[in-house]
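A.B. asks: Using the hints, position chains B, C, D and E against chain A.
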Amino acid sequence: MKKVKFMNKVIKKMSRKVAQPPGTLIHVGEQKSETVTLSLIRYNKDILEEKKMEYPHEFLLEKDFKGVCWVDISGIHDIPTIETIGSTFNIHPLVQEDILNTYHRPKFEESEEYLFLVLKMLMYDAEAKNVISEQVSFVLGPNFLVTFQEQEGDVFNPVRERLRKALGRIRKMGPDYLLYALIDAVVDNYFLVLETIGEELENLEDQLLENPTPEVLQTVHKLKREMIFLRKAVWPLREVINGLEKSGSKLIKKTTAVYLRDIYDHTIQVIETVETYRDMVAGLQDLYLSSVSNKMNEVMKMLTIIATIFIPLTFIAGIYGMNFEFMPELKWKIGYFFVWGIMAVIALVMLLYFKRKKWL
Amino acid sequence: MKKVKFMNKVIKKMSRKVAQPPGTLIHVGEQKSETVTLSLIRYNKDILEEKKMEYPHEFLLEKDFKGVCWVDISGIHDIPTIETIGSTFNIHPLVQEDILNTYHRPKFEESEEYLFLVLKMLMYDAEAKNVISEQVSFVLGPNFLVTFQEQEGDVFNPVRERLRKALGRIRKMGPDYLLYALIDAVVDNYFLVLETIGEELENLEDQLLENPTPEVLQTVHKLKREMIFLRKAVWPLREVINGLEKSGSKLIKKTTAVYLRDIYDHTIQVIETVETYRDMVAGLQDLYLSSVSNKMNEVMKMLTIIATIFIPLTFIAGIYGMNFEFMPELKWKIGYFFVWGIMAVIALVMLLYFKRKKWL
Amino acid sequence: MKKVKFMNKVIKKMSRKVAQPPGTLIHVGEQKSETVTLSLIRYNKDILEEKKMEYPHEFLLEKDFKGVCWVDISGIHDIPTIETIGSTFNIHPLVQEDILNTYHRPKFEESEEYLFLVLKMLMYDAEAKNVISEQVSFVLGPNFLVTFQEQEGDVFNPVRERLRKALGRIRKMGPDYLLYALIDAVVDNYFLVLETIGEELENLEDQLLENPTPEVLQTVHKLKREMIFLRKAVWPLREVINGLEKSGSKLIKKTTAVYLRDIYDHTIQVIETVETYRDMVAGLQDLYLSSVSNKMNEVMKMLTIIATIFIPLTFIAGIYGMNFEFMPELKWKIGYFFVWGIMAVIALVMLLYFKRKKWL
Amino acid sequence: MKKVKFMNKVIKKMSRKVAQPPGTLIHVGEQKSETVTLSLIRYNKDILEEKKMEYPHEFLLEKDFKGVCWVDISGIHDIPTIETIGSTFNIHPLVQEDILNTYHRPKFEESEEYLFLVLKMLMYDAEAKNVISEQVSFVLGPNFLVTFQEQEGDVFNPVRERLRKALGRIRKMGPDYLLYALIDAVVDNYFLVLETIGEELENLEDQLLENPTPEVLQTVHKLKREMIFLRKAVWPLREVINGLEKSGSKLIKKTTAVYLRDIYDHTIQVIETVETYRDMVAGLQDLYLSSVSNKMNEVMKMLTIIATIFIPLTFIAGIYGMNFEFMPELKWKIGYFFVWGIMAVIALVMLLYFKRKKWL
Amino acid sequence: MKKVKFMNKVIKKMSRKVAQPPGTLIHVGEQKSETVTLSLIRYNKDILEEKKMEYPHEFLLEKDFKGVCWVDISGIHDIPTIETIGSTFNIHPLVQEDILNTYHRPKFEESEEYLFLVLKMLMYDAEAKNVISEQVSFVLGPNFLVTFQEQEGDVFNPVRERLRKALGRIRKMGPDYLLYALIDAVVDNYFLVLETIGEELENLEDQLLENPTPEVLQTVHKLKREMIFLRKAVWPLREVINGLEKSGSKLIKKTTAVYLRDIYDHTIQVIETVETYRDMVAGLQDLYLSSVSNKMNEVMKMLTIIATIFIPLTFIAGIYGMNFEFMPELKWKIGYFFVWGIMAVIALVMLLYFKRKKWL
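Quick mapping for you: the protein sequence lines, in order, are chains A, B, C, D and E.
The numbering used here puts the first residue of the first sequence at 1, with every later residue one more than the last.
The numbering used here puts the first residue of the second sequence at 1001, with every later residue one more than the last.
The numbering used here puts the first residue of the third sequence at 2001, with every later residue one more than the last.
The numbering used here puts the first residue of the fourth sequence at 3001, with every later residue one more than the last.
The numbering used here puts the first residue of the fifth sequence at 4001, with every later residue one more than the last.
I should point out that these hints are in silico values taken from the structure, not numbers from a laboratory.
The model shown is predicted, which means the values in this text are computed figures rather than measured ones.
For glycine and all other residues, C-beta sits at the position ideal for the given N, C-alpha and C.
A hint or two may mislead.
Taking lysine to any residue and the SDA-like style, the derived pairs with C-alpha atoms no more than 20 Å apart in a straight line are [to be verified]:
#1 E:Lys4357 <-> B:Thr1213
#2 E:Lys4224 <-> D:Leu3209
#3 D:Lys3172 <-> D:Gly3141
#4 D:Lys3129 <-> D:Glu3200
#5 C:Lys2232 <-> B:Ile1305
#6 D:Lys3222 <-> C:Gly2283
#7 C:Lys2357 <-> D:Glu3215
#8 B:Lys1301 <-> E:Ala4307
#9 A:Lys301 <-> B:Met1296
#10 B:Lys1250 <-> B:Glu1110
#11 B:Lys1045 <-> B:Thr1213
One side of the interface only, derived from the structure: several residues of chain D facing chain E at Cβ under 10 Å [as the list claims (entries may be wrong)]:
#12 Glu3113
#13 Met3280
#14 Met3300
#15 Lys3357
Simulated DEER-style distance windows between Cβ atoms [what the hints assert, rightly or not]:
#16 E:Thr4255 <-> C:Leu2094: 55 to 65 Å
#17 E:Glu4050 <-> A:Asn157: 57 to 67 Å
#18 D:Pro3080 <-> C:Arg2169: 14 to 24 Å
#19 B:Ala1257 <-> E:Lys4250: 28 to 38 Å
#20 B:Ala1257 <-> A:Leu209: 44 to 54 Å
#21 C:Asn2044 <-> B:Leu1048: 31 to 41 Å
Extracted from the complex, chain A is given alone in its bound form (with noise of 0.2 Å):
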């Protein structure tokens, strides 16, 4: 059995940062990509432009252009480029520090000049029947949006297509709507890990109902963490929606609170599976107990059955073994089929006994 390292994921490497006057920038995470990469799409109703490069420069720095500037950072473990980044949109160090803890936990922080939002990006292992999770972090400001991933994935790529196409209002809306676009690929991103897990959950149950083997069991009891890290990731995000919607704040116009509360819909519900998940799983577990009790109850059953029938048949045997000069019954001629006529009565009124008692 494989050893679950599941720490990894609530706490270790926090501690990298003990000791350190508050915003030091540290890098704290594994590092999942090698290199970083800043990809940048500009648009409006009319244009869309777009830049990859491995280093910020001056691109970025365009102020006069009329749209909406992307920016988007795969591998955050480059503290340069953050920090580069971090005054080029001037975003306060403390926010830079978030943006570089990985396990930073879901949140919404407003200030004057931009919104800052940290969300998470799930994946399901089926192998390891682990959930990934991974940090993406937004900066809206009043044309521009920066996202922070630590790995390039492939989560934003339909709303870069939507760009890209012209397709839906995406091009004529500003970067609070590109900010609900990318929110709402990772939200949806959800439903399919969800689903996935409801698959293994189904197939888990089968497997109990059939043969209850404690493997079956150590998986349950693999997911119900994965339950509970999952619902460490998702339930802040309820909270965060919320404040986003509710905010007031001039970044984010009127037309696209309407979005954003779809999203909150989606949040709910996918907090509301999280929560039916778990109740299933402890109800996996219920059933994981029920099945072995009674495989148990059918061994002892066996025993007591076999036992008690044998037992007073084999005291006879004995009793008919002793080396006593004198007993009677073993001189008559019918005295050994007599015996066994003794027994095969006995045998039968257990098993009538056994019948009526509903045993066999």
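C.D. replies: Using the frame of chain A, we list chains B, C, D and E on its own:
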């Protein structure tokens, strides 16, 4: 044992929506009916017109009709129909999306032009011991009410009858009262479902007391899950009805608000009953466990009594079955009968001991 | 074992109301009394008139009487009576519907003309170990109080006596004080029920400690369910009494509000006692389980001790029962006694081992 | 095993009050002291007068005394005394009723003329392992404090000493500070009770680890119930002290409010400790269950090992005890020793198997 | 097994304070250090003076120093020192009492002249598997910060270093920022403790899967109790930090409030981790129980299989061990081998049956 495909109800197919721009109309859920039916009822105090059609047409648009227009759409998988209806009644694309997503949780949304409600109709399939849920959405405008169902049901029929026969005050009131009457019909229907489940619970209890088989436990587990499902369907109702009552929208007249309060009371009773049933299902599980453990205890006592009586007797028989050349007892005339006597005494002492210990 | 028809209490017959227009008067519940009795008491500081009748008549309508008019209706299944009373005192049809629905939860409703209260009177049927609940509704107007009971009970009798004998301040006060006195009588009665249940719990505990039979557990389960039922009846009381006290209605004079605060205190005590009893019933279940498991452990130890002592001894006896031609021990003069000695030593060692392990 | 008469504490004798008009003075509870004692202390910065009497007399009424008058009544079963005190200090009949009801829950009530507090003094009877509760009521007026106790206790003695010796600031302050000092004495006393229970818990844990007998479990159950009782006594305290602190009554001077905040902190600590103890008692139950199940497992292993080793051996012995005429092995010279050898091998293999399985 | 003296941490020695007038200074807790050390650091942007002393002297009083004065007192058992400090900085006697009571729960108190905070520093003694808690109190004035520790620790050292080396902005800010830096050091230290406990949990899990001994369970129980203790220490933190942030006191500058928000985030993460660990410890208990029950099931199956195979075989052997004179089979030449054959068949059938039942 039939496999329980519970997840379907919770999350499946939600993933079909992933990576679509918001407002894209996709039907999420099972298609429960083949055809789409639009049933229209237009009425005021004096007249009532009724019409059935398969596609929305101009009849809907006669905006100069003085009275209430109720459009009931059965079968929501047909996206063009929903779109036409949507544009006719000026329904926001996101609301249309919600109508098409049959896994949406009950909700209440208020806009300046209409009120939007999502509820669940419940049925109980006694054979499969399944609670079946069907989504019904309401769009209430100043002089119209549009309802969307997955399939044509008969829950609304009593209301139709009352309209046709002009029973009660329904013909004299506006579309808000019609909305109330329909919600009342939906909530009243919950009591039927709860009553059937209540009877199921009583049956299960009787079965558990008489013969606690693993199959009965399976049914208890199944019912427990149905309770989780039921709970998810009825809990948000409280909030929905309360929101509707407290909305202060001009679309709800003051005279109707009194009636909504009444539905709220019913909703509370439904929720309390579901909670009581949950407690009772948990009680049934306890009952099963103690029944099974009682049976097991009986079995174990049986084994213990038989074994502890006969093991010493068999030992004595074994003693006198030994082939030592010099065993004085074997020569005694009464040896054999003496041994029988000793055995009888031992058995009696044992039986008395068990009696005193209340094992017999 | 008698079947427990619990559901009746919770939901049954509610379904009779399904598909009826709102405000349709239907009696929901068991008809507990054959006849309907209207008992009227009109009083002020100086005089008291009392009358009993079977149908409401003009006596009720003498609106120029200076003082308080208390109409107590026993037997609410007779719909015409309720309707006449309703129209006489101007009671809203939905309120009349609530009065007739004896499965309604305790509630408080305020209108401009009257206050409406639903409470539960509780009795404990010690034989059937059943909590019986009876609904009582109060309509408090500016100079009248109408009470509706399912059957004539004696809970109100002490109040009637106080009225007749002009004990305390009751004759000097208005109908709000009468309402208080009646609610007080209802709540005080709860203490009698709780005391009986408390004694029941003590008895059960004694029985569980002496002889934990499955029947006693059954009673514990039954009591647990009665607690669920009791809880449903008393929890909303808190809200009801609080609502009444805080309503600020002109119908409740300030001098009476002090007394309502006192009832509120009692209500809290009732609720706390019910919660304590629930904890204690849960404790009784634990007690049963550990009692049973202790008994089982004793049984198992018995088996183990007898079996582990005699199995090796029987094996030795078996050895010397073998028929090998060449078995030197069999020829020894002291062989037989030697074997007895070895057996005694083995048994002793075993016993000492069990002693040290504290199994004996 | 002694029967546990817990209910007494919770509800008994409450029923004596049923069917009495409100404000009727009835002593509800056990009469704990034979006599009634009125102990009076009048003091200001300069002087202190002390008097003991058995009936209230004119001394109480000298209203022109400049300073604080503290009347401490021990033994509240004497209704005339309470009535006289009540009318002297102008206490509302309902408050008098509350004073006499020793099963009242802790409460705080504010009127224009006085503040009324009910608290519980706790003692722990280490022998009976019982938490004993005694009610103490406080009526705080502008220049007096009246305290009602069930029996003369020594909880207030340290405060009396401080008054007599003019220690600290107590003589310089008003009756509100005296009230604070007395409440502080009551709450501080809780720590003594909690400490004793804490030691009890430690003892029980040691006993459970060494020898988990059913008797110890009984004590754990008993303690658990005492915790329920304790909890009921201390939980409302929070609200009471908070109400007193936040009341804004003129009877509480601002300088005293700071001290009340301090008591509030202590109250929180008491509540938290009670909650922690509850968790720990639950932990003790778990400990008992796992101890017992460990013992049982040992017993079962013992049985299994002995039985599974000897059953095959006995079978072999049985084989060669058969009386067939033609059994070649019986004729072998080394047959007997060969059989011994086989048996030894089987036993060894078994033992190794058990060893590998970690059953030994 | 070592006895676990948990209570000490919770309540013991609190009773020493009973019956003392409020504001009486008594040291409640263990005396952890022999000596008292006063370490003073006075700094502003330009200079930094440091001094160590054993008794407070005039250095403290130089009130005309422009900058921040940080007094750190280690060893709070010396009451005269605390009193001198208290009167120097004008600290209320009740606050002094709180500082001396090392069992105080974390709290925040605001007065016009200073802010008072109590926090817990945590250490984990990996050998004793004990969470050790040390109280630290902060008094923040307009230009000073006084900290009280039980013993000299190194948690504050990194802050001292930053002060000495003028790292970050700390030298440029006021005493509120110093307070923040110290709280940050305390909270960051929690992560170290949590990480160690996390590793402990992983170890325990591995041990439970490999060999679920009662000793491991004991450790799990112990850890569970440490979690209760940890929880009590960290839960109030949320409230404390929030109170500090929201206080609106002039002593906290706006620029510092941003940093406090950051600590608040960390606090939430600490609390969530503790809750997650609690869930995981509960999971470990379940894991133990199912591991043990799996082992037991294996044992029981072993017994059942061996017994049910050999009991019938032994019976047959017993039959042919009987000494009847007329037993035809005994005379058969192949009788003996025939019996062996029958036995083999029975054993085989049994084994196949067990195989089919998946017991093997």
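A.B. asks: What hints, given by number in increasing order, does this structure fail?
C.D. replies: 5, 11, 12, 19, 21
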